[in-house]
Amino acid sequence: MTSIREQLLDMIEAPNAFDIPRTELEDMQLTAARDLFKERRGQIRILDKRATDTGIGEIRTFDDLVPLLFAHTVYKSYPPSFIEQGRWDRMLQWLGTLSVPDVKNTDVQGVKDVDEWIDRLNAAGHVILATSGTTGKNSFLLQTQEDVDRRRFYFRHAKGWPYVKPNQDRPFFALGPSKGPTSAVETYHLHADVFGRPGQKYFLSDEPIRISEISRLAALRKRMSEGRASPSEVRATAEESQARFKDMTARIEELTRLILEHRHEPIYVSGQYAQHMMILECAHAMGAKDGEFHPDSLVHIGGGVKNVVLPPDYKEQVDRFWGKVHRAPTYGMTEMAQALVRCEAGRYHRAPGLIMLILDQAGERLLTPADAVDGMAVGRMGFLDLLYEGRWGGIISGDKVTVDFSERCPCGRHGPTLLDNISRFSQPGEDDHIGCSGTLEAYIRGALPS
Amino acid sequence: MSAVATREPTTVVHIVKGEAVFDAEVRYGTATPFLTPRLDLDPLVWPRSEPGPAFNLPLDEILDVLVATGDRLTRDPDRLLMEALERSTATNPLPRDILERAYANLGAMFARERLLFQIEQELGGRDVLDGWREVNTPSGRRCAIRACPARMIHVIAGNAPGVAASTIMRSALTRGAALIKLPSNDLHTAPAVLRTMAQVAPGHPLTRSFSAVYWRGGDAGVEAALFQPQYFDKLIAWGGESTIRSALKTIGPGLELISFDPKTSISLIGREAFESENTLLEAADRAAADATVFNQQACSSSRFQFVEGDTKQLRRFCELLQQRMAAPRLTASNAPMHLPSDLRDEISALRAMDDFYDVYGDEGGSGIVVRSDEPVGFQPDHKIVNVVGVQRLEDALDQINVATQTVGIYPEQRKHALRDAIVYAGAQRVVSLGAAGAVDHGLPHDGFRPLDRLVRWVNDEALPQS
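Order-wise, the sequence lines are chains A and Z.
Residue numbering for the first sequence follows my numbering, beginning at 1 and increasing consecutively.
Residue numbering for the second sequence follows my numbering, beginning at 1 and increasing consecutively.
FYI, nobody ran anything at the bench for these hints, they're computed from the structure.
Mixed in with the good hints there might be a few duds.
[As the list claims (entries may be wrong)] Quick look at which bits of chain Z chain A covers, simulated, 3 or more residues with Cβ under 8 angstroms: (1) 108-120; (2) 204-211.
[Unchecked claim] Which chain A residues face chain Z? A few, computed with CB under 7 angstroms, are given here: (3) A14; (4) N16; (5) I20; (6) P21; (7) R22; (8) L25; (9) A51; (10) K137; (11) S139; (12) A229; (13) P231; (14) S232; (15) C411.
[What the hints assert, rightly or not] Over the 12 angstroms line for every Cβ pair with chain Z, so calculated as not near, a few chain A residues: (16) V74; (17) V127; (18) S225.
Please read these numbers as outputs of a predicted model, since none were measured by experiment.
We put the beta carbon where it would ideally sit given N, CA and C, even for glycine.
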């Protein structure tokens, strides 16, 4: 018999996956959470410790999950010297406390850098996603191959919703790299798997994203702050990253030509604003006009405007360029496998296998319809993603969301839903506070990409 | 809608050339709203066509007004400071008990001997304020120099009430004309001090030399109009890049930037601390004092403490340190911590990773100590200390740089051998452990002598002797 948790994950196949009455779903979700916690507690040391510290022995209500949610920082809580000094066995030990599978089967003999450490983990059957934080310190999240397959299954049924169903039948363009241990790369590939027509899947670059490269920049910033980096080293690094950006020009031209060739049939395009702008400029130079694309095309646009200079109206320009195509945006994060999808009414709906836990601003208490005014409440996004086999899927984020607890979404489907106004919780205090204390960061000028 | 209780806005009093303005017309802030009078830019500047109100005042008269102001601040008969305290508790992130004690001690800053000490130390004597100091040059010319008053904008920090008071004191001692831009975390101290001054010297030229108003920092309309060399000689800015970002656009010939840079502070604790239970207690207590200056909102408060010892010794030190951080002190409070979520996330992650970190204490208010083998990757704040073991204190010199303000050392006798290396690396203040929070105006601040920078040094030069 399949478990309740698997049943919930499989429900994504149902035509009404995003339209299941709350009461019907919540009983199943609570049972699944109870079973999952019981199982994971014996497998993930950090979860067991958290449970012991907070006295949560069993999940009886959704409130019991709140103290068990991890902050994203837990996935980058290793001492930085482990990487700087190449203590890969210690890194394994650290990762092991957060993961379900035993990672000790990984051979770290002779590992040169963090990319090779990730490769070795892969070789031992562990899929690692790395993210770079603003501090330059990377998070490492383990998932199993089954998690990746499960996620692909989710994509097959949820992506493009409610406009387009993935059918492996359209030319696929990812305005980003095809290789590297990041969530973006993985997501490109899963999209390619479910949307892309065999033989017509194109990426901006096959140059792998290297985590050690990102770490090298972070290390350089650290050395700069310590006054140990030489001016020529700073200049060389700044020039190097600019050069890499310019290198893309030829490939952008090539991709633009392909995109234009296919513009009269449904295509799939995904990338960040900066790359969309490059395609747009290139297409205009080739004589293409705005809004010439097939209306059944699907275009995803991410954030990513850091370190690039864009015209003030870049959003409008990109909008006009693609014209009346489908957008189907989603709301998710690296730590989440099953991103929320946006309906015709502009509301985000969650998958049956994602337990949405909207918390108060402090992140201590679950908000309920009793907290709502006119059905709505503002809170902090938290969730338990039931999909993961490789790690605990419970996360508390810094995102400020508005939840509508109403029975029905304006689109007619069942709620609850999130409004399309997701932002970050600002730090306590106002933006105009001035203090005399500060950090080194204030002393590093903008020579380097952060 | 939920979670954040909406507060009644507090009212901010503006001071314009010594006169209090009470209208509450413009609303700012969301979580902690406040109302200010509407800003009228014209009276905030001093035209160069006439000298500032206090430019010709004898120093003795200035000292008399300041001393009387200090005395009245201590007595507070009109309850102006009390009113500021009440209003501050809504908008100032510092716990009320710290503010109470800080306000109670504000008046003492204006004691005559303290003011004279500053003038002596920072300007080399009062003669350059009262008139021209004769200087004979090696070329044989008879010349004279003077510390000429300046027109100043102060963009002050709000993390401790003393910043507002010392700004007023310094401007007054130099006879300058000053516009103080109030920070949203301390909207009430400067107006209260200036209103007190207006009580002891109504309409006095010194009183008329001050304005203190709020506008949202970085408001381009206000700042582009005011930050002009036609109106001001000097912009004195506290805080980091975000504070002075718009100021930087206007800084140029004729308008000088004087920056009290954002700083961080550390402690170096030698193995002597472990000689006996008494020395260990003493070191932990003094380390705790340095870590809790204005509940760690001050730049002088210690955030990283490097200790010569093994892990077992460090654990014992951390335990004691965390206990002593809860001890009652003038500028520390045990009010519950309201950690920003990023810091709380960091602490919660380290707490989980007990193979690599020891975490002592919780958010109850007594403070948190993290022991690790290397400095943590975030900036400890809000009464969080990171204790890191070192073989030798010299190994911690790497951690000192341009952003380091105060380095506290234990024991006393280790200071001598370390202090040159510490200041060469960038730090500007070496103290005996426990003295980080001590303030004596007149000593250099942030690597310079403030009064010396707040005046314009001017010359009167004779012909060469034939």
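Measuring from the C-beta of K137 of chain A to each C-beta in chain Z, is the shortest one below 7 angstroms?
5 angstroms, holds
Does the interface hint hold: is L25 of chain A within less than 7 angstroms of chain Z, judged Cβ to Cβ?
23 angstroms, violated
Have a go at the A229 of chain A hint: is there a Cβ in chain Z nearer than 7 angstroms to its own Cβ?
Result: violated, 12 angstroms to nearest chain Z Cβ.
If I take the minimum Cβ distance from S225 of chain A to any residue of chain Z, is it greater than 12 angstroms?
6 angstroms, violated
Is the hint on A14 of chain A kept, meaning its closest Cβ partner in chain Z is under 7 angstroms away?
33 angstroms, violated
Coverage criterion applied to the region 108-120 of chain Z (partner chain A; beta-carbon cut 8 angstroms; 3 residues):
violated (count 0)
Minimum Cβ-Cβ distance from V127 of chain A to chain Z exceeds 12 angstroms:
22 angstroms, holds
Taking the least C-beta to C-beta distance, is A51 of chain A closer than 7 angstroms to chain Z?
11 angstroms, violated
Was the hint right that I20 of chain A lines chain Z, CB cutoff 7 angstroms?
26 angstroms, violated
Restraint: P21 of chain A near chain Z, CB-CB cut 7 angstroms. Satisfied or not?
24 angstroms, violated
Under 7 angstroms is the threshold here; is the Cβ of P231 of chain A close enough to any Cβ of chain Z for the hint to stand?
15 angstroms, violated
Do the numbers back the hint for N16 of chain A, that is, is its least Cβ distance to chain Z under 7 angstroms?
At about 30 angstroms, which exceeds the 7 angstroms cut-off, the nearest Cβ of chain Z leaves the hint on N16 of chain A violated.
Hint check: violations occur at hints 1, 2, 3, 4, 5, 6, 7, 8, 9, 11, 12, 13, 14, 15, 16, 18; the rest are consistent with the structure.
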